[in-house]
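Go by the hints and put chain B onto chain A.
Residues per chain, in single letters:
2 protein chains.
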Amino acid sequence: MATGEFDLIGQYFTHKSVSRDDVIAGIGDDCAILSVPAGKQLVVTTDTMVRGIHFLPDANPADVAHKLVAVNISDIAAMGGQPAWASLALTLPDYDHAWLAAFSDCLHQQLHRYGVSLIGGDTTKGEMTLTLTLQGFVDQGQALRRQGAQIGDLIYCSGTIGDANAGLKLLIDADNRTALNVEKHALAAMDEAALTDSERAFLIARHQRPTARVATGQVLAGIANSCIDLSDGLASDLQHILKASSCARGTTLSANIELTALPLSSPLQTYISKALWAQYALAGGDDYELLFTVSAENKTKLEQAMADTDLPCTQVGVIIATDIIDTETDDSETAGSQIHYYNNQQLTTLTLQGWDHFNEQ
Amino acid sequence: MATGEFDLIGQYFTHKSVSRDDVIAGIGDDCAILSVPAGKQLVVTTDTMVRGIHFLPDANPADVAHKLVAVNISDIAAMGGQPAWASLALTLPDYDHAWLAAFSDCLHQQLHRYGVSLIGGDTTKGEMTLTLTLQGFVDQGQALRRQGAQIGDLIYCSGTIGDANAGLKLLIDADNRTALNVEKHALAAMDEAALTDSERAFLIARHQRPTARVATGQVLAGIANSCIDLSDGLASDLQHILKASSCARGTTLSANIELTALPLSSPLQTYISKALWAQYALAGGDDYELLFTVSAENKTKLEQAMADTDLPCTQVGVIIATDIIDTETDDSETAGSQIHYYNNQQLTTLTLQGWDHFNEQ
Numbered sequence: 004m005a006t007g008e009f010d011l012i013g014q015y016f017t018h019k020s021v022s023r024d025d026v027i028a029g030i031g032d033d034c035a036i037l038s039v040p041a042g043k044q045l046v047v048t049t050d051t052m053v054r055g056i057h058f059l060p061d062a063n064p065a066d067v068a069h070k071l072v073a074v075n076i077s078d079i080a081a082m083g084g085q086p087a088w089a090s091l092a093l094t095l096p097d098y099d100h101a102w103l104a105a106f107s108d109c110l111h112q113q114l115h116r117y118g119v120s121l122i123g124g125d126t127t128k129g130e131m132t133l134t135l136t137l138q139g140f141v142d143q144g145q146a147l148r149r150q151g152a153q154i155g156d157l158i159y160c161s162g163t164i165g166d167a168n169a170g171l172k173l174l175i176d177a178d179n180r181t182a183l184n185v186e187k188h189a190l191a192a193m194d195e196a197a198l199t200d201s202e203r204a205f206l207i208a209r210h211q212r213p214t215a216r217v218a219t220g221q222v223l224a225g226i227a228n229s230c231i232d233l234s235d236g237l238a239s240d241l242q243h244i245l246k247a248s249s250c251a252r253g254t255t256l257s258a259n260i261e262l263t264a265l266p267l268s269s270p271l272q273t274y275i276s277k278a279l280w281a282q283y284a285l286a287g288g289d290d291y292e293l294l295f296t297v298s299a300e301n302k303t304k305l306e307q308a309m310a311d312t313d314l315p316c317t318q319v320g321v322i323i324a325t326d327i328i329d330t331e332t333d334d335s336e337t338a339g340s341q342i343h344y345y346n347n348q349q350l351t352t353l354t355l356q357g358w359d360h361f362n363e364q
Numbered sequence: 004m005a006t007g008e009f010d011l012i013g014q015y016f017t018h019k020s021v022s023r024d025d026v027i028a029g030i031g032d033d034c035a036i037l038s039v040p041a042g043k044q045l046v047v048t049t050d051t052m053v054r055g056i057h058f059l060p061d062a063n064p065a066d067v068a069h070k071l072v073a074v075n076i077s078d079i080a081a082m083g084g085q086p087a088w089a090s091l092a093l094t095l096p097d098y099d100h101a102w103l104a105a106f107s108d109c110l111h112q113q114l115h116r117y118g119v120s121l122i123g124g125d126t127t128k129g130e131m132t133l134t135l136t137l138q139g140f141v142d143q144g145q146a147l148r149r150q151g152a153q154i155g156d157l158i159y160c161s162g163t164i165g166d167a168n169a170g171l172k173l174l175i176d177a178d179n180r181t182a183l184n185v186e187k188h189a190l191a192a193m194d195e196a197a198l199t200d201s202e203r204a205f206l207i208a209r210h211q212r213p214t215a216r217v218a219t220g221q222v223l224a225g226i227a228n229s230c231i232d233l234s235d236g237l238a239s240d241l242q243h244i245l246k247a248s249s250c251a252r253g254t255t256l257s258a259n260i261e262l263t264a265l266p267l268s269s270p271l272q273t274y275i276s277k278a279l280w281a282q283y284a285l286a287g288g289d290d291y292e293l294l295f296t297v298s299a300e301n302k303t304k305l306e307q308a309m310a311d312t313d314l315p316c317t318q319v320g321v322i323i324a325t326d327i328i329d330t331e332t333d334d335s336e337t338a339g340s341q342i343h344y345y346n347n348q349q350l351t352t353l354t355l356q357g358w359d360h361f362n363e364q
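Those protein sequences? They're chains A and B, same order as listed.
Sequential numbering from 4 applies to the first sequence in the numbering used here.
Sequential numbering from 4 applies to the second sequence in the numbering used here.
Chain A with its partners taken away, still in its complex shape:
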């Protein structure tokens, strides 16, 4: 039984949306009509998830919806913003009622959780590709940027890191999958047998059902100098802060990271051998924690503010000036930004394996 595109939107997406006073018109016209509160600026982000690339082909549709929302809201959180409105572009190979019901139920549940109204979108036919555009507010001039890091800033991250990559590894091993791009993400030397059921579930949930750190981001506005969310892994995302801040300052910034300070969950420490902790914590993506820098003067202010949230933040390093010897390369704006890794205060060398969709082959 075929059902039309417009029925599809109506049946699954129109009637369950969060009601907000600033949505003058939501789904159902050529555009949504929206009111931005006085004194606020808009923050806007777009993320796409493709089946077989960003999630396993037979992934639970509720997990897919959960992650699609979290990944986008996480970008708003990284700006210190308050999420408000979402547009969903849904490309699907067929009209699968069960899939759509499970997907839309969880999508609405997650949008409700963050107070976000679904204001529009598009449904088309093709390989499963899901794009969400999220809009939120920040107080005028208060957005957290990547580019604000200063020499001497302390580097923090929220929560624990590396869990999502371990969760993905557990899922891949469970089905002995070999044909997936995502497998490259997974590394050897695991001890699944050592995990309890709840530890295993914790790690998998960290991969499938991340939480966007909205409250933490809002606390950081006015305290942190720079911020980014951890989607690609700390090593890669810290480079974005270094590059953006170096470019904004006109001088090259680097960073020192203390490996023993990296916040690892207990299940992760049980599951993977110590030799791989740094790989998971630094190159494992998809944790959606916040990585941010704070001036030394603001350290007490940060600690006081964090006491009001239920998410610990951990200092993992410091921003430094780049040693003159590192800048001999003529590689334009990013010349010389480096991350130095310390193990119990001893400089050490790491080889990390990263992740980039267009570098796979």
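Simulated from the structure, these hints should not be mistaken for lab results.
Mixed in with the good hints, there may be bad ones.
Given that identical chains are not distinguished, each listed pair holds provided it fits within a single copy or across any two copies.
Claimed, not checked - Cut-off 30 Å, straight-line C-alpha distance, at most; resulting in silico cross-link-like pairs (BS3-like, lysine-lysine): (1) K43 <-> K302; (2) K246 <-> K19; (3) K277 <-> K19; (4) K43 <-> K304; (5) K43 <-> K277; (6) K43 <-> K19; (7) K19 <-> K304; (8) K302 <-> K246; (9) K302 <-> K19; (10) K304 <-> K277.
For chain B alone, coordinates are given in the frame of chain A:
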């Protein structure tokens, strides 16, 4: 040679964007940061184009970019809005420099044409799927809605209609394509030989390179009672106005359309037999003209305002109350909305063949 995702964004999309004072931060952070002018509301729309569904698999990438922008801006135009910002989600099967260069050149050219800044997006790997989210402004409370049609309103459309469908038919015939979904759009009884080269080029351009009617939409704000852009065809899109307006009024509206009034271009009249004119004009999609209704009192005001634009608008019908005999069905909010077709003022019966992605099989 593989090149990373971030290089891709930088190389093709970051540096060519339109500069606007209301873009505090564009591409390069977790979110764009934007300022909405005082007294304005936001209008937001999202459209997806999938290769093989919305454009031919070997379509010129510049044509694809042109249409992607026009289709989205057309939704802003239909609200009477001024387009401002765009986010691009680009899913591509591989890293094809020639395709990306041609696509991004035309994308930027089109965004410049409409004064729109590219503020962000995402690039992912998968079957070619392009989603653009467009944002624009309307004066507070002045957005054109689908839901404002009143009994007695005159129904107008801008430009000429049916051309895009004829252009698609010409493209399909040129390659004797048979395996495409899009072929369903095309009908028999054509006389390609009768067309001059420039007439043929006109029809194909109307399919590949539509123009969003931004200036017309802005003129209509304050004059028209309702408006929609013609993406699915007049018959289908007029139903959206009737349904939305019936729902908003709490009474069922219908429409009379005079077939001899439908504005057909000279190339279209040359190319297709007269028996198919109504099919093309009413069920041919992708023209991206504006369909709108105006009260009889505003007719003179409309004609004066239209004299200042270079796009003619043509009255094609009138909004009527639904005859009581039509409302016997109990089909909820849309009960009884009907379109009656007249041929030289004689009521006539038409069977139109429509278009819906999820009704193909």
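Status of the hints after comparison with the structure:
1. Within a single copy, K43 and K302 get their C-alpha atoms as close as 27 Å, which meets the 30 Å cut-off; across copies the closest is 40 Å, which misses it.
2. Taking the closest pair of Cα atoms, K246 and K19 come within 30 Å of each other only across two copies (20 Å); inside a single copy the shortest separation is 42 Å, beyond that limit.
3. Taking CA atoms no more than 30 Å apart as the test, K277 paired with K19 passes in neither setting, with 46 Å inside one copy and 46 Å between copies.
4. Taking the shortest alpha-carbon separations for K43 and K304, only the intra-copy value of 24 Å comes in at or below 30 Å, while the best inter-copy value is 37 Å.
5. In the homo-oligomer, the alpha carbons of K43 and K277 never lie at most 30 Å apart, since the shortest distance is 46 Å inside one protomer and 56 Å across protomers.
6. Both within a single protomer and between protomers do K43 and K19 lie at most 30 Å apart by alpha-carbon distance, with minima of 27 Å and 27 Å respectively.
7. For the identical chains of this complex, K19 and K304 are neighbours neither inside a copy (40 Å) nor across copies (41 Å), given an alpha-carbon limit of 30 Å.
8. Taking CA atoms no more than 30 Å apart as the test, K302 paired with K246 passes inside one copy only; the shortest distance there is 23 Å, against 58 Å between copies.
9. Taking the shortest alpha-carbon separations for K302 and K19, neither the intra-copy value of 43 Å nor the inter-copy value of 40 Å comes in at or below 30 Å.
10. Proximity of K304 and K277 under a CA criterion of 30 Å is satisfied in neither setting, with 34 Å inside one chain copy and 77 Å between copies.
Checked against the numbered hints above, the structure breaks hints 3, 5, 7, 9, 10 and satisfies the rest.
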